[in-house]
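J.: Residue-level listing of the chains:
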Amino acid sequence: MSSWMELILSFLILTGAIFTFIGSLGLARLRDFYTRLHGPTKATTLGVGSLLVASSIYFSNQGQGISLHEILITLFLFITAPVSAHLLAKAALHQKLPRTKETRGNTDEGA
Amino acid sequence: MLTLVIPVAFALVAAAVALNFWRLLQGPSSPDRILALDTLYVNTIALLVLLGIHLGTSLYFEAALLIALMGFVGTVALCKYLLRGDIIE
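Residue numbers (numbering that gives the first Met the number 0), protein chains in the order written: chain D, 0 to 110; chain P, 0 to 88.
Hint data in this document are derived by calculation from the structure and do not stem from the laboratory.
Idealized CB from N, CA, C, for every residue including glycine.
You may find that some hints are simply not true.
[Unchecked claim] According to the in silico footprint, chain P covers these stretches of chain D (three or more CB under 8 Å from chain P):
#	region
1	7 to 14
2	18 to 31
3	67 to 74
4	82 to 92
Isolated chain D, as found in the complex:
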């Protein structure tokens, strides 16, 4: 494997791991459910997508043709993440979860 390919792979893997960590940090540290929903649904999806692209590039360089399994997982994750986030938000609105004063938006209209 050439050195610049290794550089690209290292960059993608490190970016993916850092974004995954930031997403979970948001899940653990933010104050109410509506803000907590943002971390895992955006940062974690981007992080895992980046890791999967890195894996795709790595296995395409092994000499067995282009590896497309990862693209399948990436597509599936990118389609399902907004759907599950929407359902979670609806469940939270249905249960009338408390929110902090700083969380804006007229959430009482929904559900």
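With chain D held as given, fit chain P onto it using these hints.
T.: What follows is chain P alone, placed relative to chain D:
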């Protein structure tokens, strides 16, 4: 360079899993716990992909794909239960 980066990535994703477990145990409401479980399965996919790169084998993709499918179905079922009081009406 990859031999240096992959352990760092493993450590970061493992720390993310630990934070998810903390939220899963702590979480004041049930949507919080469902969100923690949802994030856990996505992070498990990340761990499996990293393990595949580390070991140089493409054996783990089928497992990752299955986890992605089943995790999504589980999240949707739990949310439907909270919303409607039933999963299949």
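J.: If a hint holds in the structure, say so; if it does not, say that too.
T.: Hint-by-hint comparison with the structure:
1. 7 to 14: That given contact holds, which follows from 4 residues of the region 7 to 14 of chain D lying within Cβ reach (below 8 Å) of chain P.
2. 18 to 31: holds (count 7)
3. 67 to 74: It holds: at least three residues are needed, and the region 67 to 74 of chain D offers 4 whose Cβ sits within less than 8 Å of chain P.
4. 82 to 92: That given contact holds, which follows from 7 residues of the region 82 to 92 of chain D lying within Cβ reach (below 8 Å) of chain P.
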